[in-house]
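*Asks:* Protein sequences appear in the order of chains X and W. Heads up: the first sequence runs through residues 43 to 356, numbered per this note's numbering. Heads up: the second sequence runs through residues 38 to 387, numbered per this note's numbering.
Think of the hints as simulated: they come from the structure by calculation, not from any bench. Treat the hints with caution; some may be incorrect.
[What the hints assert, rightly or not] What the simulated footprint calls covered on chain W by chain X, stretch by stretch (three residues with Cβ under 8 angstroms from a Cβ of chain X suffice, anywhere in the stretch; the number is not a length): (1) 178 to 191; (2) 292 to 301.
[Said to hold, decoys possible] Under the rule of at most 30 angstroms between Cα atoms (straight-line distance), these lysine-lysine pairs were calculated in the BS3-like manner: (3) Lys252(W) to Lys348(X); (4) Lys119(W) to Lys348(X); (5) Lys348(X) to Lys42(W); (6) Lys176(W) to Lys348(X).
On a predicted model such as this, the values are computed, not experimentally measured, just so you know. Think of the CB as a built atom: it goes at the ideal place given N, C-alpha and C, for glycine as much as any other residue.
The chain contents come next:
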Amino acid sequence: MEQVFTITFITGLLAAMMRMATPIIFGTLGEILSERAGVLNLGIEGIMLMGAMTGFLTTLTTGSLWLGVAAAALVGALLALFMAFLAVYLGLSQHVSGLGITLFSTGLAMFIYRLSVGSPVNPPTVRPFTQAAVPFLSEIPVIGPAFFTQYTLVYWAFLLIPALWVLLYRTTWGLAIRTVGENPLAADTVGINVNLVRTLCLAGGGALMGIGGAFLTLAHQNMFLIDVVGGRGWISIAMVIFGNWDPARGAAGALIFGFLDALQLRLQGLGFDIPFHLFLLIPYLMTVVALVSVSRRAAAPAGLLKPYRREEKG
Amino acid sequence: MIITKRAPLPGWVQVLVPVGAILVTLLLSAAPILFAGGDLWLSYTSLFKGALGTRYNFLETCVKAAPLTFTGLAVAFAFRAKFWNIGAEGQLLAGAIAATWVGISAPALPKVAVLILVCTAGFLAGGLWATVPALLKTKYRVDDVVTTLLLNYVMWHIMGYLLFGPLQMPNSSWPRSPAILEIARFPVLLARSRFHLGIVLAVAAVLIVWFINSKTVFGYRARAVGVNPRAAAFGGINVNSVIIRTALLSGGLAGMAGVGEVAAIHFHLLMDISPGFGYSGIVIAMLGRLHPLGTALAAFFFSVIIVGAQSMSRLTGVPTYIAEVIQGMALIVMLIALLLTEYRIKAVKD
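Next up, chain W with everything else stripped away, as it sits in the complex (with noise of 0.2 angstroms):
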């Protein structure tokens, strides 16, 4: 097997790249799902019409996407600058505890005060926590990938400790905080469904990375950075100081996942309050090509599946981790595609 660089592809390439690794995930999907005694056919109708079928879903499928869209652009973000940031799902949970507890003990304040106050500590507390690793790496030269994993266990048991101590309901022995108040809560923006002021916000994520990345200083000098920090830093870049603040926006964004979990979604802090968004996070931003807005598409697509899984599950027996295998082929997938794009694969005997 020989594997050769081959000429650049045409932009157009590029965009259907991650459509065409999508096509195939869902190709080999139907692997587990047979191997399950699904119905292939109602298998994917099911999933489909669960996510997409009716208003309601659609929405519902809306208000999935809004954590994996956040933890999505943590990790893109990161990535672009080479800052191995596996943590999401820590700083997520981060930015959750935070806003519980703004959201338990909020001031009397105007609505708009208390969720920006709400949104800002969820924020910083992401944002922080993403330092951690960060100036870890650029100090003392500590491995971003091990680092921001192992906390990911640190913050989970730190939340452990808060839900069974500070944070705990009063007269309760469960693992659960206190209901935000009232005001702290994001509103409903349409009737008869979930979806929330996060969403949008969410969305405005998209635009405002977006911005950063094209139109800023500090997006350009941490893709210079993330293509070659030696020449970034003979350019005159301030290495340590682009990584350490690309950790913040980045911890900030997952953290941000955490906070309409808890504003909107759970209204309590709960042990499983992150069913793995952090790290679902990994796989949206490498399909989005770590572009802001290939990332808000890979989100919702994958906000399809984990919301589709649920009505496929019920109707043919198939169980819903079926969604959690398809993420990892799908990563799989894109990586061998992005290969496909770059290089020739020739088959030859030695």
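Chain X on its own, in the form it takes in the complex (with noise of 0.2 angstroms):
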């Protein structure tokens, strides 16, 4: 056992749970913008499926890995209009609206993809993101080459999470979006257009859960493939219940959730002989475990999943 707890094990070990942890990062913090105004999101599975479809396609025919982000999070964005169009001003069940917008974005991702590609053999791949080392920091032993020689995705996952805490608890847009999530009454009655304001922040939330999918498919790996996503949207719905609705106890979650799903590679990787499906599964089981911990103590915003109607007010 002394052998496998090395210095490397362990490095390589922090660097994979960042790894791991980052398309979920995105995912949470789409999540929670959309959830604070008020709006559950069940679409983030299909929309992060989605944008990892496009990214992938549009670096394949274009040979640019940002341009393949960048349409990720566009279509991200379109399909959460698409959400606020049915949720937010149809005013449509968040639930079904959501689930409907996931199974139709599941089913486009995947029509685009054989449409585009046929079904070769060998699937095409693309030329994937390297790391990038932080200089001065990727020198310091462990921490260096774990926290600091990572792909840029990842230095922007962790930097939106102090930018969202800032939006949401700092500035005055952020006190309008919480407004609008717990009480858009009284913040129609101070003027703030409540439905904009929840079209916005599905829209942004929807940019974030693409570019998430990307990361799947231009960096984490560099190839499509249908079960890509894997339930990772899901989890980042459950990772925003277990951290309270909170950026950084959100984030915190996707941290762990990485660290057992790097741990799983690792010790399947070390050859040893346990079976990988009792393995894989962990991570899906301490989220319900999570949930159940936190139950207690969950607090949603008051105005998720009602629909604001100004007619049906009082």
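Need the complex rebuilt from these two chains, each delivered in its own frame; the hints are there to steer you.
*Replies:* Put into structure tokens, the structure is as follows:
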């Protein structure tokens, strides 16, 4: 056992944790932005898959990784705008609209991918992102290679955590967003356009979800597989609850999930004779356990799931 | 834009809503077909001919409709009591695993007894798996949408573990179970087809759920809990017990979908035993307006789309994933259609 838990092992484990957590951080932050404004976006799983597919195909055809990321963000925002049309403007059930968006986007992603590449024996690949070392910081032992020799998108994800926190708690926009999510009638009374704020938050959140998907096909892997998202959208939804709708705590949950995911991969790689499927289910099971543990203090925004119709008040 | 409640529409309009939604969905699906460069007339004709054109194709559509009916009923029954069961996929897998296990090691009993054993095992496995999120909901108030979704992945990996481990066919490296015994297989009821016992069971399930919904105290209570849990509790209904029993029945129905796939179609347990039947169940239940008969009709319609998409794809080159796209569109269109029956939408300038 002593030979296993070396410095190299720990460094590799922490680096993998960061990578595994990144798409979930994007998803969790995107979902927090939407839910803080009062809209549960269950379209996340499909939006992430569309992001993964769009990012991949864009890079495959243009050769530009960043164009792929931009396209994924755009598609994510557009699908979220569709969600806004259904759940905000028409006021349809957020649960069912979101599931509809996920089913529709999942079908569309597979449809467009199949149409574009056909069904070759070997799926096409792109040359993925390479790690970019941060000057000086990357030379610190253990911490350097684990946290500061990463993909640029990983840095983005971690910079977005404080950015979203500042937006929500330290700006007037954030106050408006939280008011819309907690008490839309009060927000309307002080002249905030409730539906517009909700729409913008959904679109912004959708863009983040799209980028999270693109990370999977442009950095984490270099190809598009139909199950590439594999429930990470639902995990993100769970992390929002686990983190009590707070960006930092939600991201912490994503990191724990990333750690478990990385650990199972590493132990598998070391040839431990443990069935890998049992390892793969641990993060999902732990997420359920985590939800139970926080259930007593979970406090969702009061306006969540409720469409705001001015003519129906009072 | 102003949205106001409208007076309740007559009953025949309520029935026409899903039909209208289906027609609109079929019209809208022209967009992806044209996008894929498919000829519209050929696409639609090959879709319906492929699903209904010959006796064999029609019976294949019935075969595909069976699991969809079961998952549709599972979701409809749960949604009616506002138990948000998005976990029919995992419950289906649980049923399939149990059916395989019993099917491989079936004791020497008469065929009828073995089949009852296989079905009971599958029903119970699916049902018990569904009571996990129901217990978490009632005991700890954990959101059922999220837990049912997450437990789908847990069950998928449990199946993966079994198929690479204890349930793997000996001397094989594929994730595949041994074949279930002949005696545990559903009999084929019509010659030169795969029309099997499971389809009859699906029809029976429709009637049973309809009976439970409209003729039993439990069905009445489940509906009361769905409409207003607080009022139901004031009325002396044990809400938690109703939710858990609803979950048991709902998961059991989804489990039966898995039983049929093992005992009548594949005879083995495979990783891709379900191409998302559990998720399709959500769309089917909504299109069927949570009514068992409507659900059965919606399941048949989706079966037409799935089976027909195969021949459409062969003839026009439109990818079979068009079926998934249509499914997603159908759910969204149906939601909007339901809104239009209850509300009036006026475009006005502020």
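*Asks:* Hint compliance check: list the failing hint numbers for this structure, sorted ascending.
*Replies:* 2 and 3
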